[in-house]
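Going line by line, the protein sequences match chains C and U. Counted from 1, the first sequence has number 315 at position 315 by full-length UniProt numbering; the numbering is strictly sequential. Counted from 1, the second sequence has number 219 at position 219 by full-length UniProt numbering; the numbering is strictly sequential.
Errors might be hidden in some of the hints.
Restraint ranges, calculated between C-beta atoms of paired labels, are given here [to be verified]:
1) U/K186 - C/T225: 31 to 37 angstroms
2) U/K186 - C/D371: 39 to 45 angstroms
3) C/S360 - U/K179: 34 to 40 angstroms
4) C/H307 - U/Y177: 35 to 41 angstroms
5) U/G182 - C/D376: 36 to 42 angstroms
When the alpha-carbon atoms are kept at most 20 angstroms apart in a straight line, the in silico SDA-like pairs for lysine to any residue are as follows [as the list claims (entries may be wrong)]:
6) U/K287 - C/E77
7) C/K361 - C/N347
8) U/K41 - C/K354
9) C/K30 - U/K93
10) C/K378 - C/Y286
11) C/K86 - U/R282
12) U/K93 - C/R287
13) C/K326 - C/I344
14) C/K354 - C/K326
15) C/K326 - C/Q291
16) U/K93 - C/G280
17) C/K378 - C/T368
18) C/K167 - C/F181
19) C/K108 - U/N228
20) C/K289 - U/K41
21) C/K86 - U/L62
22) U/K93 - C/L274
23) U/K97 - C/F171
24) C/K86 - U/F274
25) C/K164 - C/H187
26) C/K164 - C/K279
27) U/K122 - U/K41
28) C/K30 - U/L62
29) C/K338 - C/K354
30) U/K97 - C/L302
31) C/K30 - U/R40
32) U/K93 - C/I281
33) U/K287 - U/Q299
34) C/K81 - U/W226
35) C/K338 - C/T359
36) U/K93 - C/M271
37) C/K229 - U/H95
38) U/K97 - C/K338
39) C/K230 - U/R282
Keep in mind the hints are simulated off the structure, nothing from the lab. Bear in mind that the values here come from a model prediction, so they are computed numbers and not experimental data. Virtual Cβ for every residue (Gly too), placed ideally from N, Cα, C.
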Amino acid sequence: MSSAQIEIQIIASLVAIACAIPGTFLVLRKMAMISDAISHSILPGIVVGFFITHDLNSPVLILLAALTGIITVVLVEYIQKTGLVKEDTAIGLVFPALFSIGVILIAKNANDVHLDVDAVLLGELAFAPFDRLVIGGTDIGPKSLWIIGCILLVTITLLFAFFKELKVSTFDKGLAASLGFSPVILHYGLMSVSSVTTVGAFDAVGAILVVALMIAPAATAYLLTTDLKKMLGLAIGFGVFSAILGYWVAHWLDASIAGSITTVLGLLFLMVYLFAPSKGIIAVLYREKQQRIEVSLLTFLLHLKNHNEEEERHVNHLNEHINWQKVRSKSVLELAQKNNMISITENIVSLTEKGNEFTSKAIDYIITNEDTQIEDMKDDFFLFRG
Amino acid sequence: MDIKEYIQLVFSDYTLRTITLGTAILGAVCGMLGSFAVLRKQSLLGDAISHAALPGIAIAFLITGAKDSNTLLIGALISGLIGTFWIRGIITKTHLKSDTALGLILSLFFGFGMLLLTYIQKQPNANQAGLDKYLFGQAATLLESDVWMMAIVTGICLLIMLLFWKEFKILLFDADYTKTLGFNTKIIDILITSFIVLAIVLGLQTVGVVLMSAMLLAPAAAARQWTNSLAVMVFLAAVFGAFSGVFGTAISASQNNLSTGPVIVLVAGVFVIFSFIFSPSRGLLFKQIRFIKNRRDLQLHKTLAFMYNIAETHEDISHPHAIRILNNFQGYTKGTLQKLVEKDYVKLNGNLWSLTDLGFKTAANLYNQQTRNNE
């Protein structure tokens, strides 16, 4: 591994961490699309900044671009407040307009600007180590490393300083306001950090892929935990993991680093989406099926309790009486037997003592409108779940 | 170049004619379908779909090796649809919210598409150049066959829309009711969404991945301001979209170095701003005017009520009072006093005012709900 390779991986990891922190809060506050809007609309800010400074890494440019990001947020909120369109439409209107202005500005001055829309949107991490920061004749590392390092430092400081406030205002705005933390200030603070991070990261991974680094690790983590600290930790972990693995995939395929980092993030999300223990698709589908059978079982038991007459409880007639298909009746019957809820003598089904007790309790809960209690009760009664 | 010359050029020049027609048709179909997206609160779906279409283009190229735009668009269509239904899966099956799902699919698919594009660029195949036009769009590469394709798709969209108008409309405004009526909401829903995806994919070549969402939203958002009827809104949106296309093309053609996509988006943006401000019923300008007028009316009422309170204490209701006693009263301006005189509620006599009979009666019934006099 050459030193350039190590530097690229360090930059990518720092970007991933710097994005994951605000990203977690954006996902929790249901403002993920704002990051997409910001990442597009900083373009005119970058272009104007570039006209002034002629240096893509200058702090002035970063501040100007971040300012455009905040202007986007303000504009979106203003349009939304007029009530003429919904919030998502407001977002969808503002950022393409600003982005168009940026593209036109670049196109009109193409001759004297060495700035490419592709470069801004897509970035090129592979070139990052070549732009070095030299102070007093000594080379102290790539410029983008310092930029993203500073942004990360500020982000982490702010996170530690305002963690409690952020947490409260994210989950309960009203409580935060009544405790005296201004939700407005926190909101714009978060927006500013997101803007600055987006701008700082754009020349490393490109503006659009910043969005991936903000949203994907946080969303993946959100499927695995509901604890804010754990979620932050997991998001950072996923980000760094994808950054480093993505670099090596890109190295192997000889393709865009940013693209392959995103692809790794995507695969990671897909895996978690499918296999997460309680919120993954497979777990959810399994639980839905289980609940369906258990509801059928309950209906079946209620039917038995309601009817003492033998013809209603004859195995052959059950299908007709409850209107079930064969397979379903069979699985329900088996489940009931496994749980010792029913006994079958001479093809007549009857409730056992345990089944009777379970059903009576269930009826009580249904009558008193406390259906949720049934779930807890199932744990006490069931030996096998559906 | 003046306008006359330009119009002549549009008819005589092949490239310009193709582009103008293409962008006009594109604008119209986007406006039409965009209305549904806006009303269904799926505005950002367009953004997500257009980004999600990118890997499809790259994969279609990798498989076929051809740069034929129809093949690539089919790839885009498929990956756009996969993206859309994945978004849906995320929203319905997990606790992630719609904004997260949109942003996630948008950025992940786009990143994957970029990976494939850069991978293709490194391939020893000279044919790969030009794929990146789908990123920002190049209206100049439109061919007559592309325009035909757009026209046919637009025709099909229009036909289906007219055929299922009732179903679309009812699903839009009351999904639960639709279900109880026995319509298959899932199929109608998939139909609308698929057409939105189709419109987006069609526009990729012209305005590109990034700006496509604005093509979908802007005409619809502008049209929404002028009407409350769905049919009128769809029609207006189509008109706005078509005009954005034509004007945008004209502006970008008359200048050097202006790419068509961004200009069309900005023209559509101007339509939106104009509609936001000047629409008679919802626009900001008339809203402000109505606001001021209401405030004046209220002031008028307040002044009248104040006068009534004074006049009430006298036997003769028309007993004159000095104008200056009104000065400390908040609702009073010279204008409102003049208005009261015009309405014959008050008589002025030098520095003195006095209520007329009519004024007294009106003031007495001012807060009486039964006499609904529209002041």
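Outcome of the hint check:
1. U/K186 - C/T225: 31 to 37 angstroms: holds (33 angstroms)
2. U/K186 - C/D371: 39 to 45 angstroms: violated (27 angstroms)
3. C/S360 - U/K179: 34 to 40 angstroms: Taking Cβ atoms as reference, C/S360 and U/K179 lie about 36 angstroms apart, which means the hint holds.
4. C/H307 - U/Y177: 35 to 41 angstroms: holds (37 angstroms)
5. U/G182 - C/D376: 36 to 42 angstroms: holds (38 angstroms)
6. U/K287 - C/E77: Roughly 19 angstroms separates the two Cα atoms, so the pair holds.
7. C/K361 - C/N347: violated (26 angstroms)
8. U/K41 - C/K354: violated (51 angstroms)
9. C/K30 - U/K93: Between C/K30 and U/K93 the Cα gap is close to 17 angstroms, so the pair holds against 20 angstroms.
10. C/K378 - C/Y286: With a Cα-Cα distance of about 17 angstroms, the restraint between C/K378 and C/Y286 holds, given a limit of 20 angstroms.
11. C/K86 - U/R282: Holds: C/K86 and U/R282 sit about 14 angstroms apart, inside 20 angstroms.
12. U/K93 - C/R287: holds (11 angstroms)
13. C/K326 - C/I344: Distance ~17 angstroms between C/K326 and C/I344 Cα, so the pair holds.
14. C/K354 - C/K326: Violated - the C-alpha atoms of C/K326 and C/K354 are around 25 angstroms apart, more than 20 angstroms.
15. C/K326 - C/Q291: Given that 20 angstroms is the threshold and the Cα spacing comes to 18 angstroms, the pair holds.
16. U/K93 - C/G280: holds (8 angstroms)
17. C/K378 - C/T368: Status holds; Cα separation ~17 angstroms.
18. C/K167 - C/F181: holds (11 angstroms)
19. C/K108 - U/N228: Measuring from Cα to Cα gives roughly 40 angstroms; hence the hint is violated.
20. C/K289 - U/K41: violated (31 angstroms)
21. C/K86 - U/L62: Violated, because 40 angstroms separates the two Cα atoms, which is more than 20 angstroms.
22. U/K93 - C/L274: Since the Cα atoms of U/K93 and C/L274 sit roughly 11 angstroms apart, the hinted pair holds (cutoff 20 angstroms).
23. U/K97 - C/F171: holds (14 angstroms)
24. C/K86 - U/F274: holds (18 angstroms)
25. C/K164 - C/H187: Distance of about 14 angstroms is within 20 angstroms: holds.
26. C/K164 - C/K279: Not satisfied, since the Cα-Cα distance of roughly 27 angstroms exceeds 20 angstroms.
27. U/K122 - U/K41: Roughly 41 angstroms between the alpha carbons, so the hint for U/K122 and U/K41 is violated.
28. C/K30 - U/L62: With Cα atoms ~37 angstroms apart, C/K30 and U/L62 exceed 20 angstroms; violated.
29. C/K338 - C/K354: Roughly 12 angstroms between the alpha carbons, so the hint for C/K338 and C/K354 holds.
30. U/K97 - C/L302: violated (38 angstroms)
31. C/K30 - U/R40: holds (18 angstroms)
32. U/K93 - C/I281: Measuring from Cα to Cα gives roughly 7 angstroms; hence the hint holds.
33. U/K287 - U/Q299: holds (18 angstroms)
34. C/K81 - U/W226: Given pair C/K81, U/W226 holds - Cα atoms ~18 angstroms apart, limit 20 angstroms.
35. C/K338 - C/T359: Holds, because 16 angstroms separates the two Cα atoms, which is no more than 20 angstroms.
36. U/K93 - C/M271: holds (15 angstroms)
37. C/K229 - U/H95: Satisfied, since the Cα-Cα distance of roughly 18 angstroms is no more than 20 angstroms.
38. U/K97 - C/K338: Since the Cα atoms of U/K97 and C/K338 sit roughly 39 angstroms apart, the hinted pair is violated (cutoff 20 angstroms).
39. C/K230 - U/R282: Given that 20 angstroms is the threshold and the Cα spacing comes to 47 angstroms, the pair is violated.
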